[in-house]
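Here the protein sequences come in this chain order: X and D.
The numbers in UniProt numbering rise by one with no breaks, and the one at position 142 of the first sequence is 142.
The numbers in UniProt numbering rise by one with no breaks, and the one at position 231 of the second sequence is 231.
Check before you lean on any hint, since a few could be wrong.
Chain copies aren't distinguished; within one or between two, either way the pair holds.
[Unchecked claim] Below, in silico cross-link-like pairs of lysine to any residue (SDA-like), each with a Cα-Cα straight-line distance of 25 Å or less:
1. 232 x 156
2. 217 x 28
3. 24 x 85
4. 65 x 13
5. 45 x 237
Keep in mind the hints are simulated off the structure, nothing from the lab.
Protein chains: 2
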Amino acid sequence: MENKIITSAKNPIIKNIRQLQEKKAARDEQGLFIVEGIRSVSDLKHKKIKALVASKHINKNDFYKEGTQWIEVSDEVFCSISDTKTPQGIMAIVYQEHYSIEELNYEENSIFLIVENVQDAGNLGTLIRTAYGFGIEAIFLSNGCVDLYNPKTVRATMGVELPIFTNVNVSDCIQKLRQKDIEICVTDLQTDIYLQNCTFNKSIALVVGNEANGVSKETKQLADKKIKIPMKNNLESLNVSIASAVCLYQICMGLNLQ
Amino acid sequence: MENKIITSAKNPIIKNIRQLQEKKAARDEQGLFIVEGIRSVSDLKHKKIKALVASKHINKNDFYKEGTQWIEVSDEVFCSISDTKTPQGIMAIVYQEHYSIEELNYEENSIFLIVENVQDAGNLGTLIRTAYGFGIEAIFLSNGCVDLYNPKTVRATMGVELPIFTNVNVSDCIQKLRQKDIEICVTDLQTDIYLQNCTFNKSIALVVGNEANGVSKETKQLADKKIKIPMKNNLESLNVSIASAVCLYQICMGLNLQ
Numbered sequence: 001m002e003n004k005i006i007t008s009a010k011n012p013i014i015k016n017i018r019q020l021q022e023k024k025a026a027r028d029e030q031g032l033f034i035v036e037g038i039r040s041v042s043d044l045k046h047k048k049i050k051a052l053v054a055s056k057h058i059n060k061n062d063f064y065k066e067g068t069q070w071i072e073v074s075d076e077v078f079c080s081i082s083d084t085k086t087p088q089g090i091m092a093i094v095y096q097e098h099y100s101i102e103e104l105n106y107e108e109n110s111i112f113l114i115v116e117n118v119q120d121a122g123n124l125g126t127l128i129r130t131a132y133g134f135g136i137e138a139i140f141l142s143n144g145c146v147d148l149y150n151p152k153t154v155r156a157t158m159g160v161e162l163p164i165f166t167n168v169n170v171s172d173c174i175q176k177l178r179q180k181d182i183e184i185c186v187t188d189l190q191t192d193i194y195l196q197n198c199t200f201n202k203s204i205a206l207v208v209g210n211e212a213n214g215v216s217k218e219t220k221q222l223a224d225k226k227i228k229i230p231m232k233n234n235l236e237s238l239n240v241s242i243a244s245a246v247c248l249y250q251i252c253m254g255l256n257l258q
Numbered sequence: 001m002e003n004k005i006i007t008s009a010k011n012p013i014i015k016n017i018r019q020l021q022e023k024k025a026a027r028d029e030q031g032l033f034i035v036e037g038i039r040s041v042s043d044l045k046h047k048k049i050k051a052l053v054a055s056k057h058i059n060k061n062d063f064y065k066e067g068t069q070w071i072e073v074s075d076e077v078f079c080s081i082s083d084t085k086t087p088q089g090i091m092a093i094v095y096q097e098h099y100s101i102e103e104l105n106y107e108e109n110s111i112f113l114i115v116e117n118v119q120d121a122g123n124l125g126t127l128i129r130t131a132y133g134f135g136i137e138a139i140f141l142s143n144g145c146v147d148l149y150n151p152k153t154v155r156a157t158m159g160v161e162l163p164i165f166t167n168v169n170v171s172d173c174i175q176k177l178r179q180k181d182i183e184i185c186v187t188d189l190q191t192d193i194y195l196q197n198c199t200f201n202k203s204i205a206l207v208v209g210n211e212a213n214g215v216s217k218e219t220k221q222l223a224d225k226k227i228k229i230p231m232k233n234n235l236e237s238l239n240v241s242i243a244s245a246v247c248l249y250q251i252c253m254g255l256n257l258q
């Protein structure tokens, strides 16, 4: 049975994979997402794989792992479920990971990132990669953020291994982090306090916000610190991933984490 | 004659506009580029406009300037030359600006940015906006960079008013800047010198490179300083616009330009 090649795009397994590629609701309901491409699938070290989907020119021995399902499909069918322009013939159906703030372990002078209502998948991907590069402990994505498991963000964050909390209620999250003696620092264009003049001397959660509106008023009110990046030429604001990177860099310097 | 509405997508004026949207060669040859959308066209303060192209529902008085040509087209024709999903019915044909390094005026402790072979239009747009926000004096784009005048970059850099040199030979540019006592600082993943440990105390040109390969070997050899951003988790590299932003922030701090 396992070696039978699926040749119809209307096969229910194939239809479901297409749903997982295209619809957040399907991903959420099934707790699954798709990872595509030779390098990305090879890089799935610590993730739990449900099934591998391969077109017939793929060598099973290169990818197969004990305990995962192997689904072979025709090139045509693979193209019909691929999210890329040049499909490489291999994708994995992967279990989403879920974390609880209560179980979060971290050391002194750790940094966390709370992302509120960021809408662009590319921005979210860059944000996550950057945070990983700066050694951030964990990321919290608000329930208004673009889906972490959409194909574009998945591509942009391959190889990133850190706890990412999804569908987070920001107020609750802030409250819980504060109980753990973590300082809440919000980016705010209206504040008079510049990033470079701030002291960072304990664990901190940086909150960044939506591309158009920044961090919400409600969240700003919960902040211990409000900061802004010095800007010239009356530029309205920096891209959210740029602003986050600059803040994270300065916080790392402040905490001597460079 | 001026009030005649163009209704054919095959009209030579229309065909040429499409060339200007799609082809760098056409833009270079004619020294023109297209700016599209109500806000973007309204924001064209210091740029020299050759013609305005409007669909008939646009009010001429809102956009028309003495000395520019007014081209009215049908909605259908406008859609055929628009680069956006939801065309707003107005675009401008704008003259490219060209600068000479010899005429460059700048004050003490100025910052310049040299961009070598960046390929992604989105990255270039973000880079330019960020540099503008940090008060950079001028930007030099190497002859291997994605075209400054492609529609995506044009959209991302609207409102940015600073000299941007295009088709630059990087070695020549570095030589000329050094003659003006400007220090050349290159991002380099292979160096042992971290950004935060560098002293910045004179005018500086930061060189950033291609997304996949970074700054070229040849250009690195011409540098006064090589720097890298501290990174955790063995992340290969940061996105080029992210890396540029962090470096520019630190350089601004070093030069007390915040």
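Do the hints match the structure? See the list:
{"no.": "1", "hint": "232 x 156", "result": "between (30 Å within a copy, 17 Å between copies)"}
{"no.": "2", "hint": "217 x 28", "result": "neither (28 Å within a copy, 47 Å between copies)"}
{"no.": "3", "hint": "24 x 85", "result": "both (21 Å within a copy, 23 Å between copies)"}
{"no.": "4", "hint": "65 x 13", "result": "within (20 Å within a copy, 60 Å between copies)"}
{"no.": "5", "hint": "45 x 237", "result": "between (37 Å within a copy, 20 Å between copies)"}
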